[in-house]
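Q: Residue numbers (this note's numbering), protein chains in the order written: chain A, 1 to 384; chain B, 1 to 384; chain C, 1 to 384; chain D, 1 to 384.
Any copy, or any two copies together, can satisfy a pair, since identical chains are not distinguished.
Cross-link-like lysine-lysine pairs, in silico, DSSO-like; alpha carbons within 30 Å at most: (1) K46 <-> K345; (2) K44 <-> K345; (3) K232 <-> K272; (4) K347 <-> K181; (5) K194 <-> K242; (6) K272 <-> K181; (7) K155 <-> K309; (8) K46 <-> K3; (9) K219 <-> K232; (10) K219 <-> K194; (11) K46 <-> K78; (12) K232 <-> K155; (13) K181 <-> K374; (14) K347 <-> K46; (15) K232 <-> K242; (16) K191 <-> K229; (17) K191 <-> K272; (18) K130 <-> K120; (19) K374 <-> K242; (20) K309 <-> K278; (21) K46 <-> K181; (22) K46 <-> K309; (23) K219 <-> K242; (24) K155 <-> K229; (25) K78 <-> K3; (26) K78 <-> K130; (27) K338 <-> K77; (28) K69 <-> K3; (29) K272 <-> K155.
Don't read these hints as lab results, they were simulated from the structure.
4 protein chains.
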Amino acid sequence: MRKLRMGMIGGGPGAFIGAIHRTAANMDNEIELVCGAFSSNAEKSKLAGEELNLHPQRVYASFEEMIQKEARLEDDKKMDFVSIVTPNHLHFTPARLALQNGFHVVLDKPMTFDLQEAKKLQQVVRESGKYFCLTHTYTGYPMIKEAREQVKNGKLGDIRKVFVNYPQGWLSNFLEAGDNKQASWRTDPSKSGKAGAIGDIGTHAFNLAEYITGLQVSKLCADLNIVVKGRKLDDDGAVILKFNNGASGVLMASQIMAGEENNLTIQVYGEKGGLEWKHSDPNSLLLKWPDQPMQTLRAGTAYLSEIAKHNTRTPAGHPEGFIEAFANHYRNFALCVKASIEGTKPKQEWLDFPGMEDGVRGMAFIENVIESGKSEMKWKEFTI
Amino acid sequence: MRKLRMGMIGGGPGAFIGAIHRTAANMDNEIELVCGAFSSNAEKSKLAGEELNLHPQRVYASFEEMIQKEARLEDDKKMDFVSIVTPNHLHFTPARLALQNGFHVVLDKPMTFDLQEAKKLQQVVRESGKYFCLTHTYTGYPMIKEAREQVKNGKLGDIRKVFVNYPQGWLSNFLEAGDNKQASWRTDPSKSGKAGAIGDIGTHAFNLAEYITGLQVSKLCADLNIVVKGRKLDDDGAVILKFNNGASGVLMASQIMAGEENNLTIQVYGEKGGLEWKHSDPNSLLLKWPDQPMQTLRAGTAYLSEIAKHNTRTPAGHPEGFIEAFANHYRNFALCVKASIEGTKPKQEWLDFPGMEDGVRGMAFIENVIESGKSEMKWKEFTI
Amino acid sequence: MRKLRMGMIGGGPGAFIGAIHRTAANMDNEIELVCGAFSSNAEKSKLAGEELNLHPQRVYASFEEMIQKEARLEDDKKMDFVSIVTPNHLHFTPARLALQNGFHVVLDKPMTFDLQEAKKLQQVVRESGKYFCLTHTYTGYPMIKEAREQVKNGKLGDIRKVFVNYPQGWLSNFLEAGDNKQASWRTDPSKSGKAGAIGDIGTHAFNLAEYITGLQVSKLCADLNIVVKGRKLDDDGAVILKFNNGASGVLMASQIMAGEENNLTIQVYGEKGGLEWKHSDPNSLLLKWPDQPMQTLRAGTAYLSEIAKHNTRTPAGHPEGFIEAFANHYRNFALCVKASIEGTKPKQEWLDFPGMEDGVRGMAFIENVIESGKSEMKWKEFTI
Amino acid sequence: MRKLRMGMIGGGPGAFIGAIHRTAANMDNEIELVCGAFSSNAEKSKLAGEELNLHPQRVYASFEEMIQKEARLEDDKKMDFVSIVTPNHLHFTPARLALQNGFHVVLDKPMTFDLQEAKKLQQVVRESGKYFCLTHTYTGYPMIKEAREQVKNGKLGDIRKVFVNYPQGWLSNFLEAGDNKQASWRTDPSKSGKAGAIGDIGTHAFNLAEYITGLQVSKLCADLNIVVKGRKLDDDGAVILKFNNGASGVLMASQIMAGEENNLTIQVYGEKGGLEWKHSDPNSLLLKWPDQPMQTLRAGTAYLSEIAKHNTRTPAGHPEGFIEAFANHYRNFALCVKASIEGTKPKQEWLDFPGMEDGVRGMAFIENVIESGKSEMKWKEFTI
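Taking the hints into account, I'd like the entire structure generated from these sequences.
A: Shown next as structure tokens:
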């Protein structure tokens with residue numbers, strides 16, 4: 001089948017994640033960028049479109065214009081789906097508009113500005129019958145898929161303990177005082193929402209923990225901190241978790257761990273053994289056993305599960321990284337959309353990308369953590 | 001000066017830590033074992049003494065007998081200090097008796113059965129004027145001493161965040177059902193005290209965090225779990241910490257992280273940078289900087305602080321381990337006791353071994369955590 | 001400027017490296033695949049073209065047909081360059097034909113079937129005035145570029161010692177007996193050339209050593225082995241090296257190190273310090289100092305050299321891998337070709353991709369090693 | 001049984017290895033130092049003896065005096081064995097004298113000043129019927145013993161390839177110009193013998209390779225270098241090896257790899273799998289498999305071989321290091337000597353310490369490497 005046609009909202013000059021989305025979408029020859037509304041500033045949007053070799057007519061001054069005009073294009077020309085890479089406060093409206101106009105949607109995380117929006121958007125997705133992908137990158141890594149399989153197949157026994165840690169250090173200073181675009185919107189409650197670090201990276205950690213274990217957090221106890229003077233949103237947090245099977249966990253998310261890059265790690269322990277994964281060595285998965293030597297499973301090997309293999313391009317020893325993990329979500333999403341276009345049934349393994357359920361639970365996580373953080377009581381039931 | 005003469009209480013057949021104490025004491029040619037009451041079973045004590053080549057007259061049927069008889073020996077023969085390596089419920093009485101009879105004391109951790117005993121023992125130590133060493137092994141590692149120096153010298157700036165994790169997996173099963181001596185007393189409230197994992201290894205983690213940072217925990221929020229069915233004491237716990245300078249922290253201590261050995265790790269972050277140490281690679285200390293490459297400081301090198309060097313025997317690249325760290329406490333303690341005997345002033349660096357303050361704070365940690373664990377309120381002030 | 005148009009020779013069904021080339025070329029939105037002769041079997045070529053969504057008229061039955069027909073297309077349609085990903089014996093002829101017909105060329109390594117061909121091709125490249133890129137992937141990694149900068153800037157002082165090791169294990173068995181396409185041509189002297197492992201991966205190691213150090217091998221002593229019974233070409237080798245500044249080195253290349261994946265490593269030592277890079281952790285570069293802590297330089301950080309930064313897409317802590325390294329060569333090559341089309345001068349940093357010099361030296365390396373391997377004398381002068 | 005009584009020759013002020021020997025001997029409560037001739041300078045010897053709390057009558061002005069006087073002491077007083085820790089040129093004479101006077105001997109490596117002496121000493125050992133231990137430290141590590149067991153039990157299949165690397169950097173400068181005692185004798189042909197780095201550390205690497213594989217080197221090809229100007233002996237070398245089963249190998253030993261500490265590593269590959277051990281992480285042994293995940297075997301675990309367990313003191317996760325490895329040799333030697341005194345048969349596992357065979361082969365290695373280094377021919381048969 002032909003390549004899918006992608007439109008992009010956001011991702012203009014100064015953006016980081018927009019370029020990642022484009023490269024990821026581009027990677028597997030399934031998708032081509034055909035149009036965009038790259039900035040709320042029409043001039044900036046135009047410049048971005050030129051740089052990306054887009055036809056000037058397909059570079060729009062606003063997302064509304066893009067969605068409406070694209071919707072009216074002929075089927076063999078108009079975009080198939082839209083990728084939305086704006087700050088959090090600009091997720092809901094364009095996503096809803098796109099879905100209601102018949103476009104599938106890829107949306108950067110977290111899902112929306114607040115939980116209420118997320119639940120509304122979930123409803124819109126359901127009604128639209130379109131595919132919706134939320135780019136929680138880390139579940140795109142093949143060894144994370146392998147980790148999930150190991151748990152699902154009972155290799156670790158019943159899960160007892162989860163530890164997930166997402167340390168960054170880039171907000172150790174009051175960076176938002178300067179012109180760092182990444183820092184300024186992420187620390188601005190009017191754009192980022194109620195949460196800082198917990199929303200930006202804590203939701204990744206939360207999603208990863210639930211994805212690998214197949215469990216759901218049922219209550220939690222949060223300690224949120226604003227460490228850097230003058231900041232308005234949390235830049236550091238720790239959350240004690242209880243899962244629906246009785247397992248306990250700890251989640252840490254911080255952007256003031258000076259000197260840390262982006263080293264998300266997760267450890268899961270069951271009755272029979274444990275597993276460990278580190279973003280700094282993403283192609284390895286450690287399995288730890290009480291009475292046998294630790295094993296290091298490696299991406300690209302023959303002994304992995306089918307779903308791990310499906311999400312790898314290179315043989316063992318040829319490291320894949322962040323963009324490839326990101327691209328896995330795009331590829332699986334694209335395979336589903338193509339199947340939908342062709343009227344065929346998607347394979348089970350293609351459906352394995354984060355969606356609206358993950359998004360709603362992520363937004364609920366933010367709100368529950370914020371509420372718990374303010375509470376004098378230890379436990380907060382996880383409510384949606 | 002001659003070697004110091006050591007007597008030992010506990011450490012008979014089946015014990016683990018007794019042999020470690022003896023080897024550690026033995027290592028630097030400063031100490032010789034001259035007598036012991038190795039078991040409450042007189043026959044077992046005798047057998048242990050024989051195996052250790054002790055003179056039969058110096059192998060005692062009970063610690064009371066040992067302390068009393070040794071106290072009456074001539075100065076050039078009697079033991080200088082006693083090393084107590086019994087389970088927790090048998091710490092206080094022999095330690096007090098030894099101190100009151102003029103002997104310096106090395107005591108295995110945690111200090112006592114409960115906080116009340118610890119405070120009493122602290123009083124006894126003060127009144128005795130004797131040296132008292134509590135073997136929190138991990139602060140004996142040279143790179144831990146270096147870590148403390150880095151913090152003390154302001155290299156990291158004000159401390160903001162501490163994460164200390166002590167994962168073990170050996171109690172993943174109901175081991176106390178069998179004849180594992182280590183498991184059975186540690187999980188028995190009548191011998192171990194109020195806490196299981198939090199007392200056995202959580203106190204190490206707590207002590208390490210306060211040692212490196214020079215800070216004190218001022219309040220905490222604990223989640224304690226009994227994961228293995230039938231167990232009477234916590235085997236897993238997570239504690240959110242607040243320090244007296246406003247810094248936050250997380251402490252984890254678990255003995256049901258299946259597949260984990262004994263990999264205590266600590267990370268400390270300040271305004272300017274972070275540090276990381278892992279027990280699995282104890283001769284390295286990582287320093288992380290926001291805008292400079294991470295540095296790996298190594299034991300035995302010329303660029304370390306004097307106190308780190310003082311606690312090393314071998315040049316860089318010749319790994320020292322657990323016994324050497326243990327031996328550092330014995331050596332520093334011994335150097336102080338020798339100075340005391342010779343009437344000289346101990347060097348500052350010799351005084352750097354854990355003592356009664358650490359012990360009392362450790363017991364307070366246990367009690368505060370236990371109380372917090374039962375509470376519905378989030379925060380518990382750290383009280384002593 | 002518009003995307004460059006790429007044609008591909010080879011890379012049909014069963015090929016590994018063809019897909020890597022396409023993904024790498026595709027990554028940075030600079031290049032689009034427009035045509036191909038994917039197999040010497042016309043039917044297979046056609047199928048590959050379909051799968052790649054190419055226009056049927058641009059899928060050719062042979063490389064000769066492709067080059068001739070593309071050469072006659074109009075300028076705004078015809079391919080700009082050709083990427084050749086066939087086995088070694090099919091490098092020279094299509095590359096020469098392409099260059100002589102005015103196409104720039106990307107060629108998989110090693111350059112040709114033998115040294116004589118390589119020298120001829122070098123002449124053709126020179127006469128053509130076209131760009132020629134030889135895909136020695138590993139020099140595409142940003143931390144390898146950083147390593148070269150460190151050496152060039154004298155940080156290590158005069159280089160004294162180089163150790164480069166390329167261990168693989170996939171040919172530990174007589175895999176060529178089965179239907180493994182990768183194994184069968186690589187072990188077949190009529191397709192691979194005079195060398196097995198030394199040609200396939202030894203040339204990568206050799207290229208890497210010369211690239212980082214800026215030195216040239218001047219003599220060598222080789223031990224080549226055929227370890228697996230029945231094999232016709234070396235599957236294991238060790239080479240002692242002497243460089244033109246007097247430095248010594250050791251190069252190992254083996255495909256029978258059972259259990260190894262593809263962990264190319266290099267260590268370089270100078271008067272003042274050493275460096276180490278491992279393919280298994282490609283985003284780190286270790287700098288080792290005699291009297292200062294080891295430093296770990298990381299891709300994506302602000303403190304790196306400009307050329308390292310130029311070859312990275314993501315911020316620190318977002319791992320890039322093999323495909324990105326590959327893509328760096330394509331991107332730099334493409335930037336040069338675009339400049340050539342636009343009549344502008346390429347930036348110095350774009351010119352940093354492996355070319356005909358590397359190719360000729362690589363082929364000379366193979367022939368010198370083969371000859372040395374057969375010789376009873378220790379040293380073989382490195383001749384071209 | 002009582003502790004064995006040790007006398008020491010060498011190891012006075014400024015020595016490094018003497019203190020290591022004493023600490024190692026001391027570690028397991030099997031041995032006590034009773035006498036010494038610590039320096040050829042009587043005054044220095046006396047001072048060292050005082051510092052070690054020896055009885056003045058047991059501190060001797062020369063090794064001749066010590067051996068003769070100790071030989072005349074009564075059986076319940078005189079030393080049982082002598083530990084010789086002098087520079088290489090002072091190994092043979094005291095060792096022979098000690099053996100001929102009825103003392104068992106522990107000798108630091110390499111065995112003697114030259115091969116001829118080694119063969120003579122071997123004869124003396126045989127005639128004496130005494131135990132002789134050569135302290136090749138690295139074979140004392142429990143995971144090295146495990147590695148040997150894995151090979152012996154056929155887990156890797158027939159061995160095909162060995163790579164052993166011993167990198168140090170401490171002689172990167174002309175250190176012998178100053179007053180570094182370690183540097184000056186090691187670089188002095190009149191004290192060190194014919195070889196520098198190859199003798200000092202290359203022999204360790206050679207011994208380790210033969211120990212783990214159970215193979216013997218049958219021919220070799222050496223490249224020896226004097227890198228630092230003014231130095232008289234090799235400070236860097238690479239040797240290609242052939243083993244008696246046809247396997248190949250590479251051995252590197254260098255003391256000018258600036259920034260390296262003492263990171264001896266070995267990799268062994270067989271038909272079925274490979275193993276890897278690094279001195280920087282001595283309590284781990286990696287087993288690599290072509291079609292199964294890599295395994296990390298750890299010291300102190302229940303799944304190890306009996307001989308690995310016999311050479312460990314602490315449970316898994318409590319790192320042992322260099323001194324413990326050294327102590328394993330002393331302990332096994334001591335257990336054998338005790339058995340000899342008691343007239344019982346030593347256990348097989350006690351006999352596992354390096355002896356005269358290792359010593360003679362080590363000295364032959366030096367001479368063969370030196371000769372090969374000077375030769376223009378590639379291969380030198382390994383002759384003794």
